[in-house]
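Here is how the chains run, residue by residue.
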Amino acid sequence: MNILGISCFYHDSAACLLKDGKIIAAAQEERFTRKKHDVDFPEKAIRYCLEEGGIKIEDVDYISFYEKPLMKLERILHQHLEMFPRSYWSFYSAMPSWINQKLRVPSIIRKKLKYKGKIFFVEHHMAHAASSFLVSPYKKAAILTTDGVGEWATTTTGIGEENSITLNKEISFPSSLGLLYSTVTAYLGFRVNDAEYKVMGLSAYGRPVYYEKFKKIIDIREDGSYQLDMSYFDFHYKLSMPGKKFVKEFGPPRKKESGMERRFENMAASLQKITEEIIIKMLNSLHEETKMDKLCMAGGVALNSVANGKILKNTGFKEVYIQPASSDAGTAVGAACYAYNTILGNKREYVMSSADLGPGYSTGQIRKFLEENSIAHKEFKNENELVKMTAYLIKKGKVVGWFQGRMEWGPRALGNRSILSDATNPKMKDILNLKVKHREPFRPFAPVITVEDAKEYFECDNPVPMPTDFMLMVYPIKKEKQKIIPAVTHVDGTGRLQTIRREQNPRYYDTIKEFEKLSSTPILINTSFNIRGEPIVCTPQDAYRCMMGTGIDYLVIGGFIVAREDNPKDKWDSEALSKGW
Amino acid sequence: MEKIRQFITGLKDGFEGFAAMITGIMNFFLLAIAYFLGIGPVSVIGKIMGKHFLELGKEKKDSYWVKRDAGKQETEKYYRMF
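Chains as they are written, first to last, in our numbering: chain A, 1 to 581; chain B, 1 to 82.
The set of hints was computed from the structure by calculation and includes no laboratory data. It is possible that part of the hints are untrue.
[As the list claims (entries may be wrong)] Pairs of lysine-lysine residues, derived as BS3-like cross-links and limited to a Cα-Cα distance of at most 27 Å, are as follows:
hint, chain 1, residue 1, chain 2, residue 2
1, A, 513, A, 398
2, A, 244, A, 213
3, A, 140, B, 77
4, A, 216, B, 51
5, B, 58, A, 238
6, A, 139, A, 294
7, A, 435, A, 455
8, A, 213, B, 61
9, B, 12, A, 216
10, A, 517, A, 398
11, A, 245, B, 61
12, A, 513, A, 378
13, A, 245, B, 47
14, A, 35, A, 256
15, A, 347, B, 77
16, A, 139, B, 77
17, A, 238, B, 12
18, B, 60, A, 244
19, B, 47, A, 244
20, B, 61, B, 77
21, B, 12, A, 35
22, B, 60, A, 248
23, B, 60, A, 215
24, B, 77, A, 238
25, B, 58, A, 248
Okay, chain B solo, but in the shape it has when bound (with noise of 0.2 Å):
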């Protein structure tokens, strides 16, 4: 009984090992073209029109805080993700 309880986990250790290398490969894969593909084109276009995705301190100001309008809002933006 105990031989077949080990074999089980054993399989089941297996598998689960298995699964997660697949999902590695697969990832691997899927997010190289999502990355590549998607986030490749906007960002060589976006650079080349002069677009900056980030301040990455190159520029000094007299000031550095940015001001925002984060007062109450309406309460269905809070249901929001974004």
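Just chain A, same shape as in the assembly (with noise of 0.2 Å):
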């Protein structure tokens, strides 16, 4: 049985293909479109998806839409009942994608897949659950979603057991800890459902002085729920988030790309203790209620890896699972799953431990691309070779693109569209500013450390829970390695580290314990593989001209390495010609 999971017409669109139960292909469209969180009907993801899975649409059995609009547009009307006539502007630029995409999805859908199908439509937070649980290790578990919005919900609470889920509380819109985060994010100039994790990052610098004052807009119970003061905010009736009272009591926001005031550091890390507090009390109240060692967690609040990382040691649970997508483009894996296992009833059979759910290129694909373009490269014939001659590159301070294998699943790369460096170099962070990322200096760098080596390196659970193998938990770094791994040291001396296990992907972690053998110490910088504004690679085109228009200086790209120096740049130059492609 083949079931097609889709996202779309809000932001991050993607699809995913599930046979019999397990999922064979997941991918964001923004990858091959190109478009950052790419918000269209996942067309490419699709045929992806079914290009891997080598079927034809008249083979896909049903497919699972992830939110029920109708209940969605619903939730609109009311805003604009309550506000109106404050709305009118919001209620004009929305309206027209309403009509023209959201309340024709099923046609969209027959349209452009040429689909005679049936079709489920799946509510939003049910499908952030099942997208978590469902692919699990768990058999029985709690549940916690929290996201912006999705129909009414933007928290949910619940159980799941075998093949079915029950989510029995919510929290209801205009209350949503993720639309708060959002309001800080946009107040702090920053892009919101975009750059949260910038916010995140910034919290370090700071301290939660304005903790009292956020107190005064969110009520917080001792069960975890909230209710936010609107009075503070406008993003129920107008496009932008945060209100006049608001800007009152914290000051005039910051400018897009202007300095970083003490003060927004602070609001930053007041932020931060707020939406901790709170997903804390939410916990244990869950954990409380249900009795239950295992938690799945899933929706955008569940990427804030700085709160991720404090669960485990502040609640009675003992077990967490993030899948790596857990925003809202994990939701065409939950709508696709919640379809087979819980509609249709089947028993579940697959656990996500990889993320390696994207195109992949065969080495006869690599080398065609490399000849026809007439790029000069050496092949490593000897898998020994080419991990001993990475690692030399990456001690020798270079920075190295690795593209190997299937593209991750999610927004985080976790070894096969990465760029590779010396985490121990003081100096690779501004290297890799100045010569790749074009970063904001406040951000922080990720690790990558072999997963046996992690405790000795970081002061993480134990065992290791399985979201540090996707990026989403963040750590102490013991005091005294902390000066051995500058470049990932954030100011706060925590790291946003990932775990990896060499069954996982074997020449990534070759790579790393090869560089132990030439610095002592298992860990890398683990960047993703784009420049600044793009989304992560996806093609070995893709990886080429990322690094022929910046500074990258060795493209790994499956057993051939590629020397930015021997090719010529003109063409090439991914920054000039980002546009154009």
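Since each chain sits alone in its own frame, please combine them into the complex, following the hints.
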């Protein structure tokens, strides 16, 4: 049985193919269209999923969509009914997409895909819950989903057991932890639904001096439930998010790309503290209610890796699972799994223990690409030599583009579409920013470490939870180790580590181990293979173009190594040509 | 030949821009009618009758959790967009 899961028309469109209960392929549309956070119908991602599964659209038994559009429209109409006449401009800007797309989901699916079968509509937070629990290793677990907003719900709790999920409580719009975080993201001059993780990174620089002020705008109860005082916000009737009262309370907002003031750092720190307090309270209450040891989380807020790293230490839960794409893109997986396991009643047989669900390229395909484009390269037929050479280049201070296997599912590069460099080099953060990433200076780079060595360097949970493999947990770096890995030690002494097990990615693992032989440290910098403002690379062409337009020194692509200095830059200058491809 | 191609491309872009402008104007008026004659009266009458369409955080409660009945439903319900 083939089921296609789809999420689109809000942010991060994605598709997923489930074949007899196993995820064959999953990818976000942005990786194919090269349009970051692409919201359009994921035609290219669907085409890829079908190709990967070796099937045609006629072979798809069901399509499962990630939300119930009419329930969402009901909520939007309630917003306008409450806020009339102040909401006209929001109504004017939102309605055309409802009329042209969101209310026509079935006809768009049938027309674009020439699909004639049945379509399921799964409620948004149920799709979130399913995206985590139904692919988790647990038979029974408590569930927490938290995001901006689905139809009405912004936060839900419940339990999963075998192939069924019951979400028995919710917090409804407009009270939303996700939208509070997004409001502060907008206030701090960053892009909403994109840069929330920057606010999280910034929070380490500040002190939570605005904590009490935040308590005035969000009422938190002991059971973790909360309510926003909407007089501080505009997002329920305007396109902007913080209201006049919010600005009066906290001062003028930061202008985009302007300098970072101390008060903005303190804002981020205060917000992070409030967020953690709510999450921990909700989870303690959920644990008390369910008495379960295992927890599954999903929704955009579950990408808050700083909060995630504190869960097992501060709640009664002993294990936690979060899938790599826990935000809206992940609901494509949730919708498909919910259809297969819960609606159709099939047994669960799949655990998402790896994020390798995107397109991969064979040695032949890579060789053909290199030769057809006359790209100077060196082929390594001996695996050991390739790994040794890569580790040597990294130790020499080079920046290496690492393109291997299938593209990762989710927003993090996990060793298939990564940029690797030396975590022990104190200048490496600046080198990476100068040569490739052009990031804000306050943002940290992430370390990758072999799972066996994680406890030697990090104060992490024991055993290391699976979400750490997906770079979803931040842990303190042991004091005595911080000087050894300055390039990945954040200002507060923490690191958003990725742990790697050999069975997940042997070449990646062996490279780290080889680097350890040269430096006595089994840790590399692992940052996403992209330039600022673009999605992570997908194809060999994207990877080569990214290298040639930036300061990446070498590209290790399959069994080949390509040196930037050996190749002419002109037609591959990614930064100059980024709009032309 | 190149000039003809440029002219046709320019004409096409011009028509597209014109169409977008007309669509914007039409949307503005049609949506204004829907908003002020549809949403408006319902909102005003509802508020006169004491109806709250959204919880705006003015009322404090012991807990803000709302119970929901959201286990598995009949299969037919999953075919609906509501």
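Each hint tested on the structure:
For the hint pairing residue 513 (chain A) with residue 398 (chain A), the CA-to-CA distance comes to about 17 Å; that is within 27 Å, so the pair holds. Between residue 244 (chain A) and residue 213 (chain A) the alpha-carbon distance is near 15 Å, which keeps this suggested pair within the 27 Å criterion. Proposed proximity of residue 140 (chain A) and residue 77 (chain B) is supported: the alpha carbons are some 25 Å apart, at most 27 Å. Of the pairs offered as hints, the one joining residue 216 (chain A) and residue 51 (chain B) holds, with about 26 Å between alpha carbons and a cut-off of 27 Å not exceeded.
Between the alpha carbons of residue 58 (chain B) and residue 238 (chain A) the distance comes to roughly 19 Å, so the proposed pair stays at or under 27 Å and holds. Distance check on the hinted pair: residue 139 (chain A) and residue 294 (chain A) sit about 9 Å apart at the alpha-carbon level, within 27 Å; holds. Restraint check: the Cα-Cα separation between residue 435 (chain A) and residue 455 (chain A) comes to about 32 Å, which exceeds 27 Å; the hinted pair is violated. Between residue 213 (chain A) and residue 61 (chain B), the direct Cα distance comes to roughly 20 Å. Compliance with the 27 Å bound is thereby established for this hinted pair.
Between residue 12 (chain B) and residue 216 (chain A), the direct Cα distance comes to roughly 55 Å. Violation of the 27 Å bound is thereby established for this hinted pair. Between residue 517 (chain A) and residue 398 (chain A) the CA atoms are separated by roughly 17 Å; this keeps the pair inside 27 Å, and the hint holds. A C-alpha spacing of about 23 Å is found between residue 245 (chain A) and residue 61 (chain B), which places the hinted pair at or below 27 Å, so the restraint holds. Simply put, residue 513 (chain A) and residue 378 (chain A) have alpha-carbon atoms about 23 Å apart, close enough for the 27 Å limit, and the pair holds.
Between the alpha carbons of residue 245 (chain A) and residue 47 (chain B) the distance comes to roughly 24 Å, so the proposed pair stays at or under 27 Å and holds. In summary, the hint linking residue 35 (chain A) to residue 256 (chain A) is supported, as the alpha carbons are separated by about 21 Å, within the 27 Å threshold. Of the supplied pair hints, the one linking residue 347 (chain A) and residue 77 (chain B) holds, its CA atoms being roughly 21 Å apart against a limit of 27 Å. With a C-alpha separation of about 26 Å, the suggested pairing of residue 139 (chain A) with residue 77 (chain B) holds against the 27 Å cut-off.
Proximity of residue 238 (chain A) to residue 12 (chain B) is assessed by CA-CA distance (about 34 Å); at most 27 Å being required, the pair is judged violated. Between residue 60 (chain B) and residue 244 (chain A), the direct Cα distance comes to roughly 22 Å. Compliance with the 27 Å bound is thereby established for this hinted pair. Of the supplied pair hints, the one linking residue 47 (chain B) and residue 244 (chain A) holds, its CA atoms being roughly 24 Å apart against a limit of 27 Å. The straight-line distance between the Cα atoms of residue 61 (chain B) and residue 77 (chain B) is roughly 33 Å, outside the 27 Å bound, and the hint therefore fails.
For the proposed pair residue 12 (chain B) and residue 35 (chain A), the alpha carbon gap of about 24 Å is at most 27 Å, so the pair holds. For the hint linking residue 60 (chain B) to residue 248 (chain A), the alpha-carbon distance of about 23 Å falls within 27 Å, and the restraint holds. Taken as a hint, the residue 60 (chain B) and residue 215 (chain A) pair is honoured in the structure, with Cα atoms around 13 Å apart against an allowance of 27 Å. Note on residue 77 (chain B) and residue 238 (chain A): the hinted pairing is violated, with a Cα-Cα distance of about 33 Å set against a maximum of 27 Å.
A C-alpha spacing of about 19 Å is found between residue 58 (chain B) and residue 248 (chain A), which places the hinted pair at or below 27 Å, so the restraint holds.
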